[in-house]
Every structure is written in structure tokens, then in C-alpha cells.
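Colleague: Listed in order, the protein sequences are those of chains A and L. Oh and the first sequence: position 37 is 37 in my numbering, straight run, nothing missing. For my numbering, add 1000 to where a residue sits in the second sequence, where the first one is 1.
Don't read these hints as lab results, they were simulated from the structure. Yeah, the Cβ is synthetic: ideal placement off N, Cα and C, and Gly gets one too. Be aware that one or more of the hints could be misleading.
Stretch-level coverage of chain A by chain L, calculated; a stretch enters the list once three of its residues show a Cβ under 8 Å from a Cβ in chain L [claimed, not checked]:
{"no.": "1", "region": "3-13"}
{"no.": "2", "region": "21-34"}
{"no.": "3", "region": "49-63"}
{"no.": "4", "region": "68-78"}
So the chains spell out like this:
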Amino acid sequence: MCLAVPGRIVAISRDDGLLTAKVDFGGVIKRACLEYVPDAAVGEYVIVHVGFALSRIDADEAARVFALLAEMNALEELERS
Amino acid sequence: MKFVDEYRDGGAAHGLAEAIDREATRPWVIMEVCGGQTHSIVRHGIDEMLPLGVELVHGPGCPVCVTPLEMIDKAHAIAGQRGVVFCSFGDMLRVPGSHGDLLGRKAEGCDVRVVYSPLDAVDIAAKNPDRRVVFFAIGFETTAPANAMALRVARQRGLRNFSALVSHVLVPPAIEAILNGEGNRVQAFLGPGHVCAIMGTGEYEPIARRHRVPIVVTGFEPIDILQGVLLAVRQLERGDATVHVQYGRAVRAPGNLPAQRVISEVFEVCDRAWRGVGVIPASGLRLRDEYREHDAAEIFDVASLTVHEPEACISGEILMGKKRPRDCSAFGGACTPVSPLGATMVSSEGACAAYFAYGRHLPATDRRRLPIADGRSP
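One chain only, chain A, in its complex shape (with noise of 0.2 Å):
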């Protein structure tokens, strides 16, 4: 039920009083209310859930997963050397 899918605002619209975004889940675009996220651009990714923008994704932060994976497997190259 909290599944929620990030993808890409493609176009943002006023539909019937409700700021409203087209955004684009990997090819498949589907309508999403964006009254919770008004800040949000075209072109900027977020979370939506049940055809509602929960979240901007912040890209530093979704990077800087990677950099915790990295900083670990050098850690233990230098415990095998």
C-alpha cells in the first residue's frame, strides 16, 4: 500500500484548482497531484504514491547512498592488504 514510485515531472498544469503534474514512470506517463509538493519543477523527480507527489528526490542524497557502498569496499580492500 506505501509503495510509491519516483519519476520524472514532465509537464505542470492547473486542473480543476488542483496543481497537477504529467510525470513520466519510465516511458508510461500518468497524471499526479502535486498540491503537496508545489516547489517541484519540470524535469525534477518524485516520489508518487496513489496519484499523489509525496516527495522531491533529492539527488545529492540518493548519491550519496553509493558513497557509503564505496567508503565500505575500501575499507576492506585495506583490511585485506
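Once you have looked at the hints, place chain L on chain A.
Modeller: This is chain L only, laid out in the frame that chain A set:
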């Protein structure tokens, strides 16, 4: 897909599993709270990658599973009334009630519709002014902003034919209930990433402090989950008990403030019964008084229903992490996704359904022959 594929890298996953093996010096029991995480763990075989001593137990974070039987029966009764269009997320249609499920109602000719977004139900109400449109508003904090917005929009547009049957639940009181439960074994939690994207991490700090448990707010892909386990194991080994965010790409400490505002404008906190678990104080959301005319439980006369729970089902103990699906005598025999006895076998996020879909009822050697199943739902 960007922000998905790179978090499924097999090499990185094995590296993380090895790191967990290196760093864990004792057995540890870690609970993942969210059903989406449970599904991912079983689907990708993460539980089987971990060293033997590091045990993942599955928590109560499947809203479909914890929706009380009485609420399912109310939905069933309302869906059977004349002039009603009953709208629901797809997962709820096959949850067995005392007198059948919502899909059965649809088969009888009742107007039961699956919606992707709660706003779709509002549109149905706008287009069908002569029908009473009822939306089954269930879910955790992740879904509450969407459901709250649907109610707010319906009220603003004066759609008096739109109502919601509300059975919302909250994660922090459930974590407290598990920690306070008799014979609790859980020593650390993988916190629910999307719930925290909405609510932030503030509610989890006092739990971590009071109960001396690490809480690592974690994402849903294999790399996220393995990294969450590693960060939890590190805290356990050091004797730390803090809230740490692994899922930083979506979670900020204060959460989503506009969403929190709309939730509290529409809903208020109430005691809530969890299926198989019982009443947990202050663990749910209900409509505020201003929204009473949109409250399906008030509008429809469904107060006095007698409910009947199948005796063989141990979903309550499974939801609280006390038992596993394989501990149930009905698992994979009398209870399968085709004819489920309890809700944990229905939703793809229920532990029993995930175990069944990925062949955990079969010996390991037979599992490789299974077709790739992917029963994920929105």
C-alpha cells in the same frame, strides 16, 4: 528506471550482505515495519542473504491486513445498498469478511470500482450526482494526505453524495505496542520510508530513546534494505539507539509540512482496532466533526454487525512479528491467495502472500522452477 535500477545492483547487494556478516558479532532481531519492505525482502531473497544470526521479522505495516474485520463487513454492507458506487484500492476487494468479500459483491451486480487515486472517486461522485459514492479510505500516514485531499476537494465542491469509510492507522503507536508486548524479541527497526517522507522523523526519536532501540528509516529497494540492516547492526553492536535516515533521497527530518497540514485539517487521532491485534490507543485517524456529512459510517446504518473471524488464522501473531507464515498449519494448504483465510494472505504486502508468491512454502530446490511472480499493487 532512474532511482530504481541502481538500487537493485546484485554486486552491491552481496557486498552489503558480506559487510553485515563481518560486523555482526552476535544474533540480532530486526523488524521491518512496512509491508512494502516485507514484499521487497521476500521477493529479492534478502532474508536468505543475511548471516544466520541476523533475523528479519515482519511487522504490522500492511494496512489492508490490519483493517479490522468489522470495517470490512461495514464496507460489504454499504456496497450492497441500492444506489451506491463503492470505490476502493484494488487490494481491499479480496479481503475476506464475515459474509464474503467486495469482489463477491461486484459479482452479485453491485457497483464496486477499483480506483488508482482517491481523487478518481471524487470525479465519479461529480459525474454521478444521483448516486451515493463511498470511498474506502484506508492506509497509513503515506496514504492519509491523498485521502484527506479527496475529502477536502469533495467538501469544497459541495459534493454531498461523496463519503468515505475511514479506517486509517498510524505507525508509531504500533511500534510502541510491539515493544511493550509480552515476550517482545525485536531489538531494532527498519523505519517506514514513505510514512516518514510525510510525517518526518520526530515521532520516532522518543521511541528510540525510551526503549533503547535503533530505528533506521529505510527505503524499499534491495540496496536500501541491506544498507538499513547494516546501519541497524552497527548501532546494535555499539550499543547506540538513535533514529538514522538511510532513505535520505525522499525523507527530510520535518517531513512534508503541507501534507501534514491537510491531514490534521480533515482527520483527528482516535483509538483504532487492528485486525488480529486488538485496540491500540491513539493509533488511528477518523474524520473531524466538520466532515461528518462525508462520513460513510454515520450516513449508512451499519452500526450493529456481528463479525466472525476464522479460528485457524494466526495473522495477528504474524503481524506482531511473533510468528512466521510457515508456523501456521493452514499456510499454503487451507489458506492460499486464491482462497485466503486472513488478510495477510490477500495483500501482496502481507507476509503470508509474499511468502506464498515467492515459493517459501516449497523446499528451496523446488523454488527455482517457479515462474517469476510479481504481485505488487499500488
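Colleague: Mind taking a look at whether chain L covers the region 68-78 of chain A? Criterion is 3 or more residues with CB to CB distance under 8 Å.
Modeller: Our answer is that it holds, as 5 residues pass the Cβ test (under 8 Å) against chain L, meeting three.
Colleague: In terms of beta carbon proximity below 8 Å, does the region 21-34 of chain A have 3 or more residues touching chain L?
Modeller: That given contact holds, which follows from 3 residues of the region 21-34 of chain A lying within Cβ reach (below 8 Å) of chain L.
Colleague: Closer than 8 Å, Cβ to Cβ, for at least three residues: run that test on the region 3-13 of chain A against chain L and report holds or violated.
Modeller: The restraint on the region 3-13 of chain A holds, since 5 of its residues have a Cβ under 8 Å from chain L and three suffice.
Colleague: According to a criterion of three or more residues whose C-beta lies within less than 8 Å of a C-beta of chain L, is the region 49-63 of chain A covered?
Modeller: It holds: at least three residues are needed, and the region 49-63 of chain A offers 11 whose Cβ sits within less than 8 Å of chain L.
In the structure shown, no violation is registered for any of the earlier numbered hints.
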